[in-house]
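Asker: What follows is the residue order along each chain.
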Amino acid sequence: AQSVAQPEDQVNVAEGNPLTVKCTYSVSGNPYLFWYVQYPNRGLQFLLKYITGDNLVKGSYGFEAEFNKSQTSFHLKKPSALVSDSALYFCAVRASFSGGYNKLIFGAGTRLAVHP
Amino acid sequence: SQTIHQWPATLVQPVGSPLSLECTVEGTSNPNLYWYRQAAGRGLQLLFYSVGIGQISSEVPQNLSASRPQDRQFILSSKKLLLSDSGFYLCAWRDRGGNTIYFGEGSWLTVV
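Read top to bottom, the protein sequences are chains X and L.
The first sequence begins at 1 in my numbering and counts up by one.
The second sequence begins at 1 in my numbering and counts up by one.
The set of hints was computed from the structure by calculation and includes no laboratory data.
Just so you know, even glycine gets a beta-carbon here, dropped at the ideal spot from N, CA and C.
Keep in mind that the hints are not guaranteed to be accurate.
The list that follows gives simulated cross-link-like pairs (lysine to any residue, SDA-like), each with its CA atoms no further than 20 Å apart [stated by the list, open to error]:
#, chain 1, residue 1, chain 2, residue 2
1, X, Lys-58, L, Gly-98
2, X, Lys-22, X, Val-114
3, X, Lys-103, L, Glu-59
4, X, Lys-103, L, Leu-47
5, X, Lys-49, L, Arg-96
6, X, Lys-22, L, Pro-18
7, X, Lys-22, L, Gly-43
8, X, Lys-103, L, Arg-94
9, X, Lys-103, L, Asn-30
Okay, the calculated bits of chain X under chain L, using three or more residues with CB under 8 Å as the criterion [stated by the list, open to error]:
#, region
10, 43 to 57
11, 102 to 110
Now the in silico label distances, taken between C-beta atoms and shown as ranges [claimed, not checked]:
#, chain 1, residue 1, chain 2, residue 2, range
12, L, Gln-70, X, Glu-15, 29 to 39 Å
13, L, Gln-70, X, Pro-116, 46 to 56 Å
14, X, Asp-54, L, Trp-108, 34 to 44 Å
Just chain X, same shape as in the assembly:
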């Protein structure tokens, strides 16, 4: 079955330290991978995506993600966390189905808490 897993319900990090939010996936074919961020009572904001090319993808607000095909992972990273990065982060993968239909499958989300 095609799926996305975010193994950590919450990640705690001190301001100024590097952060990693983990994501693994299972899809048939080449994966299209995405990260979104959601602040309280707001919609999801697109951060970055991997479609093809360089395995290290840079996105908004200083975030980056590394695609690892052998480990089927797409972890979100930032070298130095800010308190304002505290939010809910979603990993998503585009899954393809018969008849040419495809849709985004979202992980359950990881809550990032950055402490001063």
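Got chain X; can you put chain L on it based on the hints?
Answerer: For chain L alone, kept in the frame of chain X given last:
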């Protein structure tokens, strides 16, 4: 640039009352449109998607329906709300030739 508008932002409705949530997209033509529901502040469930006017596909059977009367307008409706319909509803769009889905700001629905 493209923008998406979703309203109302907050809605409190009694059980058995009708529902209408609206979403419009500006700055693009013939987008794919989506309705998602987010329960308990976490997981996202795709409810409906549309690839064109009058073309609606439902992901899960439920008490809700969707319509696309115009190219950039997507409406989520119910004739009689249930308590279980409460949640955060998100409209989203994607350019027909693009890969990225973009979300609106969401609508909080509380059924009482």
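Asker: Against each hint, give a clear statement of whether it holds in the structure.
Answerer: We went through each hint and held it up to the structure:
no.	hint	in the structure
1	Lys-58/X with Gly-98/L	holds (18 Å)
2	Lys-22/X with Val-114/X	holds (16 Å)
3	Lys-103/X with Glu-59/L	holds (10 Å)
4	Lys-103/X with Leu-47/L	holds (12 Å)
5	Lys-49/X with Arg-96/L	holds (17 Å)
6	Lys-22/X with Pro-18/L	violated (41 Å)
7	Lys-22/X with Gly-43/L	holds (16 Å)
8	Lys-103/X with Arg-94/L	holds (11 Å)
9	Lys-103/X with Asn-30/L	holds (17 Å)
10	43 to 57	holds (count 6)
11	102 to 110	holds (count 5)
12	Gln-70/L with Glu-15/X: 29 to 39 Å	violated (47 Å)
13	Gln-70/L with Pro-116/X: 46 to 56 Å	holds (48 Å)
14	Asp-54/X with Trp-108/L: 34 to 44 Å	holds (39 Å)
Of the numbered hints stated above, those contradicted by the structure are hints 6 and 12, listed in ascending order.
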